[in-house]
Amino acid sequence: MSAVATRSASSPAWRLWVAPLIWAAHFLAIYAFTALSCARNVATASWLGVGSVTLFIVAATLAAAAALLVTIGLAIRDGIRARTSPAPTAFVHWLTAAIGSLVLLAVLWETLPVLVLPVCG
Amino acid sequence: MTATSPPSPTSLPSPLPRPADELARLEAAWTPPRGWKLLTAVNNTYIGIFYIATAFVFFIAAGILALLMRIQLAVPENTFLDQGTYNQMFTMHGTVMMFLFAVPVVEAIGVLLLPNMLGARDLPFPRLSAYAFWAYLIGGVVFFGSIFFGNAPDGGWFMNPPLTSYRYSPGANADWWLLGIGFIEISAIAGAIEIIVGILRTRAPGMSLDKLPIYAWAMLVFAFMIVFAFPAVILATMLLELERAFHWPFFIAELGGDALLWQHLFWFFGHPEVYIIFLPAAGMVSLIVPTMAQTPLVAYRLIVLALAGTGLLSFGLWVHHMFATGIPPLSLSFFAAASMAVTIPSGIQFFAWIATMATGRVQLKTPALFVLGFLAVFLIGGLTGVMVAVVPFDWQVHDTYFIVAHLHYVLFGGMVFPLFAAFYYWTPFLSRQQLSERLGRWVFGLIFVGFNVAFFPMHITGLAGMPRRVYTYSAGLGWDSLNLVSTVGAFLIAAGVAVFLIDVARNFRLDVTNNAGNVWGAGTLEWLPTGNYSVRSIPLITSHEPLWDQPGLAADVEAGRYYLPGTATGRRETLLTSALDAKPQYLLQLPGPGWTPFFAAAGTAAFFLLLTVKLVVPAILGGVLAIVMMLWWMWGSDPGPNHAPVDIGGGITVPVYVTGPASHSWWAMVTLLLVSGMLFGSLVFSYLYLWTVSPRVWPAGGAGIPAPVFPLLAAALLALSSAAIAYASRALRTTVGAGHRGHTMVRISLLAALPLLVAALGVELYGQWQAGLRPTASSYGAVVYTLSALQGQFVLVLLIMGGYTLARSWCGLLDGQRRATFDNTMLLWHYAVAQGLVALLLIHGFPRTFG
Numbered sequence: 001m002s003a004v005a006t007r008s009a010s011s012p013a014w015r016l017w018v019a020p021l022i023w024a025a026h027f028l029a030i031y032a033f034t035a036l037s038c039a040r041n042v043a044t045a046s047w048l049g050v051g052s053v054t055l056f057i058v059a060a061t062l063a064a065a066a067a068l069l070v071t072i073g074l075a076i077r078d079g080i081r082a083r084t085s086p087a088p089t090a091f092v093h094w095l096t097a098a099i100g101s102l103v104l105l106a107v108l109w110e111t112l113p114v115l116v117l118p119v120c121g
Numbered sequence: 122m123t124a125t126s127p128p129s130p131t132s133l134p135s136p137l138p139r140p141a142d143e144l145a146r147l148e149a150a151w152t153p154p155r156g157w158k159l160l161t162a163v164n165n166t167y168i169g170i171f172y173i174a175t176a177f178v179f180f181i182a183a184g185i186l187a188l189l190m191r192i193q194l195a196v197p198e199n200t201f202l203d204q205g206t207y208n209q210m211f212t213m214h215g216t217v218m219m220f221l222f223a224v225p226v227v228e229a230i231g232v233l234l235l236p237n238m239l240g241a242r243d244l245p246f247p248r249l250s251a252y253a254f255w256a257y258l259i260g261g262v263v264f265f266g267s268i269f270f271g272n273a274p275d276g277g278w279f280m281n282p283p284l285t286s287y288r289y290s291p292g293a294n295a296d297w298w299l300l301g302i303g304f305i306e307i308s309a310i311a312g313a314i315e316i317i318v319g320i321l322r323t324r325a326p327g328m329s330l331d332k333l334p335i336y337a338w339a340m341l342v343f344a345f346m347i348v349f350a351f352p353a354v355i356l357a358t359m360l361l362e363l364e365r366a367f368h369w370p371f372f373i374a375e376l377g378g379d380a381l382l383w384q385h386l387f388w389f390f391g392h393p394e395v396y397i398i399f400l401p402a403a404g405m406v407s408l409i410v411p412t413m414a415q416t417p418l419v420a421y422r423l424i425v426l427a428l429a430g431t432g433l434l435s436f437g438l439w440v441h442h443m444f445a446t447g448i449p450p451l452s453l454s455f456f457a458a459a460s461m462a463v464t465i466p467s468g469i470q471f472f473a474w475i476a477t478m479a480t481g482r483v484q485l486k487t488p489a490l491f492v493l494g495f496l497a498v499f500l501i502g503g504l505t506g507v508m509v510a511v512v513p514f515d516w517q518v519h520d521t522y523f524i525v526a527h528l529h530y531v532l533f534g535g536m537v538f539p540l541f542a543a544f545y546y547w548t549p550f551l552s553r554q555q556l557s558e559r560l561g562r563w564v565f566g567l568i569f570v571g572f573n574v575a576f577f578p579m580h581i582t583g584l585a586g587m588p589r590r591v592y593t594y595s596a597g598l599g600w601d602s603l604n605l606v607s608t609v610g611a612f613l614i615a616a617g618v619a620v621f622l623i624d625v626a627r628n629f630r631l632d633v634t635n636n637a638g639n640v641w642g643a644g645t646l647e648w649l650p651t652g653n654y655s656v657r658s659i660p661l662i663t664s665h666e667p668l669w670d671q672p673g674l675a676a677d678v679e680a681g682r683y684y685l686p687g688t689a690t691g692r693r694e695t696l697l698t699s700a701l702d703a704k705p706q707y708l709l710q711l712p713g714p715g716w717t718p719f720f721a722a723a724g725t726a727a728f729f730l731l732l733t734v735k736l737v738v739p740a741i742l743g744g745v746l747a748i749v750m751m752l753w754w755m756w757g758s759d760p761g762p763n764h765a766p767v768d769i770g771g772g773i774t775v776p777v778y779v780t781g782p783a784s785h786s787w788w789a790m791v792t793l794l795l796v797s798g799m800l801f802g803s804l805v806f807s808y809l810y811l812w813t814v815s816p817r818v819w820p821a822g823g824a825g826i827p828a829p830v831f832p833l834l835a836a837a838l839l840a841l842s843s844a845a846i847a848y849a850s851r852a853l854r855t856t857v858g859a860g861h862r863g864h865t866m867v868r869i870s871l872l873a874a875l876p877l878l879v880a881a882l883g884v885e886l887y888g889q890w891q892a893g894l895r896p897t898a899s900s901y902g903a904v905v906y907t908l909s910a911l912q913g914q915f916v917l918v919l920l921i922m923g924g925y926t927l928a929r930s931w932c933g934l935l936d937g938q939r940r941a942t943f944d945n946t947m948l949l950w951h952y953a954v955a956q957g958l959v960a961l962l963l964i965h966g967f968p969r970t971f972g
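These protein sequence lines map, in sequence, to chains A and B.
Under the numbering used here, the first sequence has 75 at position 75, and the numbering climbs by one with no breaks.
Under the numbering used here, the second sequence has 431 at position 310, and the numbering climbs by one with no breaks.
Each hint should be verified, as a subset may be incorrect.
As a list, the in silico SDA-like pairs of lysine to any residue whose alpha-carbon atoms are at most 20 Å apart [claimed, not checked]: (1) B:Lys486 to B:Ser552; (2) B:Lys735 to B:Gly271; (3) B:Lys486 to B:Leu560; (4) B:Lys486 to B:Arg562; (5) B:Lys735 to B:Val263; (6) B:Lys704 to A:Ala35; (7) B:Lys486 to B:Trp563; (8) B:Lys704 to A:Ser85; (9) B:Lys704 to A:Pro86.
Calculated directly from the structure, the hints in this document are not laboratory data.
The task is simple: from the sequences and hints, build the whole structure.
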């Protein structure tokens, strides 16, 4: 403990918010698109035999999953590089990767119903 | 483990012997007020205790309401309570338990414990804590008092319209809920901001994020959840009150409204609320279990992940309270899936607690008994939670006593059992003697048995078809004996609480300085020797359980061998550290006792509560009193660099004042902006939701929308006002001391920015009015004018803050170094302009694009 810190927070801590934001964006997007499709009676539209809602949700999930994998990958890479850094930095990288993994699981899990359930009932 | 080597005794920051008067000066700075001046107390120990005691009184009051309801339901066709009174009682029971007991008590325990646990002298905004408490106390007492006049809310704790709108609830009952609870939520947000900044910025040196006590992690997640969840219900209460008072039809179907909008907004708050209550309790359990087992908590990192994951996923569950409302099945399944996903982080915590107990040797003292009770009861609540997350099952049991059983197993099991564990565990921190072990076992036994006798049969009552919220039932439906058993159980719980009160009366003797001490052999910092000033010197932390891993820590801290062993400025103060790695940054000078928080809270309560009974002029006077008191307290809170940098020991010198992103006030303002953003986001959601369900009331093809000149002019005015503030900020940077030419430019810019902001709002309102739009005509008109009304609230606040900043400039209290006041005004200003621009884009761009 030899020096006064000059920065209010190190940047890795802000990465903790990335995976939650991806989850929120994905969740809101699939919920809003489904609700709107049912409200406007356009859920029956399809492309190559696949419903528009299914397509949108699968596409949103792929995009979210890709973004999450990048987030997790960067956190793991930086965590490995930070092995010689102070423990808090390594911890934040670990937590970023762990939250990203949990969120990835949740995103995939929330997508599964589209494969088995009717959209608007 | 992340433990690093503790410092050797010879390398401690402050050498012995300490100056003779050092401790006396510290004690003098932190001397608490006495007698009736206790109303002026602001420091966390006093406010925390006031807060907990008040919340517990509300727990008892709401519990008495529950007993009265159980008497009514004990036998079929009972006439003990009439239907109207029963409606008020179940509404008040739920409302008081949730808003006046559960959230305040967990926030209160945080206010009480966190500074000591973090090695801080106090939280960074003591007067904000005091204000939040007094607002809650005054508002809560008046709100609860409404039941004695038969005037209490009676629409259920979630107040669903249309039942609660003006047509079916014309009296003031619903207004008590909307205005009374509405502002108590504001006090909860004030507490959350205090807790976030406190945890992130006032930790002891060395207590980096990876060494933060799990309880502090839980409180951090809890506080962020309040920030993100509460604005939705604040907006909902605003909309319903606007509908009730001015007939703006947000929830009236024939005018394009939708009652389900309320449910969306309410449950977006309401489901996270369950975890808002549970997570702090889980945090307490995560401290109690290692102490009782005398072994470090297993899987610290995974528990942090679990806390963050639970907090996050809980925001994807709100529709699982709305499975029976006709929402498309695929949409329901998203929420069912999220409801099941959230069991993963909850399960992680469960297994970590069990593993910790298995690793150590559990002392079966009263706190441990309550923790075991919590594990059993909450587990059952969690399992029935998974059951009701299955949509078809939920349809069968929706609005039956099965749900009553489930929610009590979750809330009572998940929060009240840990709370009693906490009472028994932390009493030695507050009292000269600990509570009785013998009586404690009776308390646990009565409550545990009583709870299961009361609530387990309700699962069956519900499966047998008994609906919630009925004031009586016919004999012979198979519910009679089950209800009688539940009533007996309720009185057993009451007996347990009564024994607890006897225990408190016999053994609790408040004395923080001469407390019973670390009777459990705990490892966290709140068990260091303490006084009203918290710790004598602020330790350097090297592990999760410093008292276990750093030999001699307590004695060294008490001897003043660590950082800041006295008062460096002669005032109350605490050390600010960096958020990630807890390195010392600056010394924050804290306020002492004062009347302003008390009168500001009284004024705020008067404003909201007098509006409820339509005494408009006295209400406005109350509002003015609140604002004047707040400005008065703020006047001395931006002292500038009024003291030379101070030596805190160990060769570290820190400034006593900083501005910009490192400042605690900057962090608080950014957190407030998150709250504001969520409030605005909820309103944008409402706009889009109403458009989704009622496109017929939206203007088609741009007809009926003000000409483009109006929004363009309003946007230009907004941008100019922000530019003026940015220019003022640059001009201020060049000024040091009074008399500089830059001061004139700062004042001119501020004076120009204020009317620009007002004019932008005026142009937008004029444009809508002259286009023929009226807020009472349709949900479209209502939501468009509400967007402007929300912007108007920000304009009003900025008029006050801008005027206040000008006043400080004229008084020579603002310059390039002393600019925290200006920075806060600037942050809110830019936010309000951004919000106004987005609102203009939505109001004018959306109907033109999608109309």
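Evaluated hints:
no. : hint                 : in the structure
1   : B:Lys486 to B:Ser552 : 18 Å, holds
2   : B:Lys735 to B:Gly271 : 18 Å, holds
3   : B:Lys486 to B:Leu560 : 11 Å, holds
4   : B:Lys486 to B:Arg562 : 8 Å, holds
5   : B:Lys735 to B:Val263 : 15 Å, holds
6   : B:Lys704 to A:Ala35  : 49 Å, violated
7   : B:Lys486 to B:Trp563 : 12 Å, holds
8   : B:Lys704 to A:Ser85  : 15 Å, holds
9   : B:Lys704 to A:Pro86  : 12 Å, holds
Hint compliance for this structure: hint 6 alone is broken.
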